[in-house]
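Below, each chain spelled out in residue letters.
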Amino acid sequence: MSATPVLQVRGLKKHFPVTKGFLWKKVVGWVQAVDGVDFSIRQGKTLAIVGESGCGKTTTAKLVLCLEQPSAGEVLADGKNVHALAGDALRDYRTTVQAVFQDPWSSLNPRMRVRDIVAEPLVVNRKFPEREIEERVEDAMSRVGLRRQQANLYPHEFSGGQRQRIAVASALVSKPKLIILDEPVSALDVSIRAQIMNLLVDLQQQYDVSYLLIAHHLATTRYMANEVAVMYLGKIVEKAPTRELFGNPLHPYTKALFSAALPSHPDITHEEIILKGEVPSPINPPSGCRFHPRCPFAKAECSVAVPIEKEMAAGHVVACHLYS
Amino acid sequence: MPLQSTRTMPWYAIPWVTEGWARFKRYPLFALAILLFLLVIPAVFAPWVAPHDPFMGSLSHRLTPPVWQDGGSMGHILGTDKLGRDILSRIIYGARVSLTVSLIAIFVGGIIGTVLGLISGYFGGWTDSVIMRLVDISLALPTILLALVLVAAVGPSFGTVITVLIVLLWARYARLVRGEALAIKELDFIARARVAGASHARIMYRYLFPNVVNSLIVLATLQVGYVILLESSLSFLGAGLPRAEPAWGVMVSDGRELIVTSWWVSMFPGIAIMLTVLALNLLGDWLRDHLDPKLRNL
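Top line first, the protein sequences correspond to chains A and B.
Heads up, the final residue of the first sequence is numbered 823 in the working numbering, and it's a clean run with no missing numbers.
Heads up, the final residue of the second sequence is numbered 325 in the working numbering, and it's a clean run with no missing numbers.
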């Protein structure tokens with residue numbers, strides 16, 4: 500397994516304009532959904548981005564998928580900025596990066612047969628002969644545990660878990676290097692979650708594919724990820740290998756996030772850190788460290804200076820004034 | 028005290044009437060039967076079904092009343108008009124004209140409206156604004172006035188009437204399709220299609236269009252009735268099809284000055300229009316309820 504990154508993200512920013520007015524729209528502010536995010540994903544590994552809703556993790560995924568144009572920064576695949584690609588080069592990038600979305604009920608076209616849904620990434624690329632498409636579709640379907648006879652059915656004839664399997668098969672069929680998993684199991688029943696997670700882990704080993712996992716569920720993250728980045732209000736506050744992060748969380752926000760998760764056994768006593776206040780609006784984020792209004796350890800400098808990332812242990816990076 | 032008395036029931040809520048109506052609404056068979064027997068079959072087989080040539084009159088038989096009135100004859104069951112032309116035959120041939128005109132107009136108008144609506148809803152922004160303003164203009168124009176102006180400018184003919192109808196019809200399709208496209212394009216399967224690398228044209232054709240087809244069918248069915256009425260009104264005003272054409276609107280218009288003395292000349296084509304529109308509306312309602320429950324407030 501090589502250690503070359505399949506994807507590098509540098510200084511990625513996405514600011515959405517907030518407009519006012521009916522005919523002459525005036526920009527009155529900017530939602531800083533993603534504000535300077537750096538990470539890289541190595542081949543065959545999983546990077547998870549965790550954080551509460553509204554922290555910018557889905558926007559990050561959309562930027563990587565070229566569904567949104569970044570306001571600043573770049574996403575590099577094979578050393579090329581993917582947002583500058585066009586035509587054939589863009590189509591080739593599309594085959595190397597696929598996605599599985601959260602809601603299996605809205606992520607499959609209700610008017611297409613399973614076979615066509617799975618084959619779509621190959622068909623639109625226009626480079627594959629029909630025979631090969633057919634073989635690959637069959638192979639992908641059997642690998643996710645769907646029967647060959649099911650290829651002619653429509654999505655409404657499947658349950659949620661099976662729909663997610665169809666989505667996974669469709670993501671795999673073009674043999675991508677990277678699959679973005681945007682909350683892949685959070686819409687599923689608890690009993691189905693483990694199945695889909697195991698499937699994804701198995702497929703990762705078979706295909707040597709990388710995952711960018713977007714999640715808010717910590718157990719999912721812990722099970723699937725090699726590395727975890729914690730996001731808060733558009734910035735990554737802490738990033739570390741999974742075991743290191745769960746064993747030794749450093750950032751006060753990470754600690755609070757972990758303490759909010761239920762322990763694995765009800766008898767285990769654990770101290771819950773309750774944060775004061777609400778998540779501030781990303782339209783006017785707090786000055787300095789964005790977490791300072793809610794941080795139990797905030798110092799005077801936290802509201803003034805933006806904390807700089809500091810590597811505390813191998814691969815364990817934290818952006819907090821407590822450690823500088 | 029009987030329990031029933033506390034509930035206020037409308038006087039017409041006789042059980043067998045309301046139940047009958049509910050059952051009737053559930054099955055479009057009645058509507059379909061009217062349509063087939065009154066409109067489609069006679070129109071298709073007009074030369075064999077019609078008892079007389081719709082263009083040939085005989086002045087000796089002019090203004091014959093229908094068969095059940097004094098002076099009526101079995102030769103002309105629904106009577107004849109002032110030129111002695113058989114009214115039943117003209118209604119049968121008129122169904123051909125009305126059907127052809129309305130189907131062509133709806134088909135072409137529907138295609139134009141659907142394509143513009145898809146583009147408008149999918150791309151949004153500036154394209155959307157331009158197309159939607161065009162729709163607003165089109166819907167704001169007074170129908171009859173526009174038709175009169177156009178016909179006055181070009182002259183009455185088959186082509187003119189169809190063009191006028193298309194200009195009047197496309198906007199509704201554009202607006203309907205745009206609304207649906209706006210909702211559908213936010214769904215994850217569109218995002219997945221883009222991630223897969225599908226082009227905009229492919230997304231519109233393979234992903235958006237199949238998901239709006241139901242609504243389109245419903246709208247088209249409901250519009251057949253509307254178009255027949257519109258075409259009849261135009262013909263009645265003299266701005267529609269040429270005078271000699273056996274169109275229903277033309278026939279109603281022909282009988283206008285005779286309504287007191289020879290009511291049948293305009294009454295029977297009027298009844299034909301009414302039954303057809305009623306049948307198509309019932310069919311459209313039924314399709315709306317059964318194809319797409321999201322569309323109940325169309």
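If you are wondering where the hints come from, they were derived from the structure by calculation, not from laboratory data.
The structure presented is a predicted model; accordingly, all values stated were derived computationally and were not measured.
Cβ coordinates follow ideal geometry from the N, Cα and C atoms, glycine included.
Check the hints yourself; a few may be wrong.
[What the hints assert, rightly or not] Reference listing, derived: stretches of chain B covered by chain A, where coverage requires no fewer than 3 residues with Cβ under 8 Å from a Cβ of chain A: (1) 117–123; (2) 215–222.
[Claimed, not checked] Derived contacts from chain A toward chain B, CB cut-off under 7 Å, selection only: (3) Leu564; (4) Glu567; (5) Ala588; (6) Arg593; (7) Phe600; (8) Ser605; (9) Ser606; (10) Leu607; (11) Asn608; (12) Arg610; (13) Val623; (14) Arg647; (15) Ala650; (16) Glu777; (17) Val778.
Checklist entry - Given A:Asn608 as an interface hint, is the shortest Cβ-Cβ distance to chain B below 7 Å? => result holds (5 Å)
Checklist entry - Per the CB criterion, is A:Val623 less than 7 Å away from chain B? => result It holds, given that the least Cβ distance between A:Val623 and chain B is near 5 Å, below 7 Å.
Checklist entry - Is the interface hint for A:Ser605 satisfied, with its Cβ closer than 7 Å to some Cβ of chain B? => result holds (4 Å)
Next on the checklist: So, as I understand it, the hint says A:Glu567 touches chain B; can you test that by seeing if any CB pair is closer than 7 Å?
Outcome noted: violated (11 Å)
Checklist entry - Is the interface hint for A:Ala650 satisfied, with its Cβ closer than 7 Å to some Cβ of chain B? => result violated (17 Å)
Item to check | Residues of the stretch 215–222 of chain B with Cβ under 8 Å from chain A, three needed, outcome | outcome: The restraint on the stretch 215–222 of chain B holds, since 7 of its residues have a Cβ under 8 Å from chain A and three suffice.
Checklist entry - Given A:Arg647 as an interface hint, is the shortest Cβ-Cβ distance to chain B below 7 Å? => result Given a least distance of 22 Å, the restraint on A:Arg647 is violated.
Checklist entry - How about A:Val778: closest beta carbon in chain B under 7 Å, or not? => result violated (24 Å)
Next on the checklist: Please check whether A:Arg610 passes as an interface residue: C-beta within 7 Å of a C-beta belonging to chain B.
Outcome noted: Hint holds; A:Arg610 Cβ to chain B Cβ min 4 Å, cut 7 Å.
Item to check | Hint check, A:Leu607 versus chain B [nearest Cβ-Cβ separation less than 7 Å] | outcome: holds (6 Å)
Item to check | Hinted contact A:Glu777 with chain B - closest CB pair below 7 Å | outcome: Check failed: Cβ of A:Glu777 comes no nearer than 26 Å to chain B, outside 7 Å.
Checklist entry - Hint check: is the beta carbon of A:Phe600 less than 7 Å from a beta carbon of chain B? => result holds (4 Å)
When the structure is compared with the earlier hints, violations turn up for hints 1, 4, 5, 14, 15, 16, 17 and for no others.
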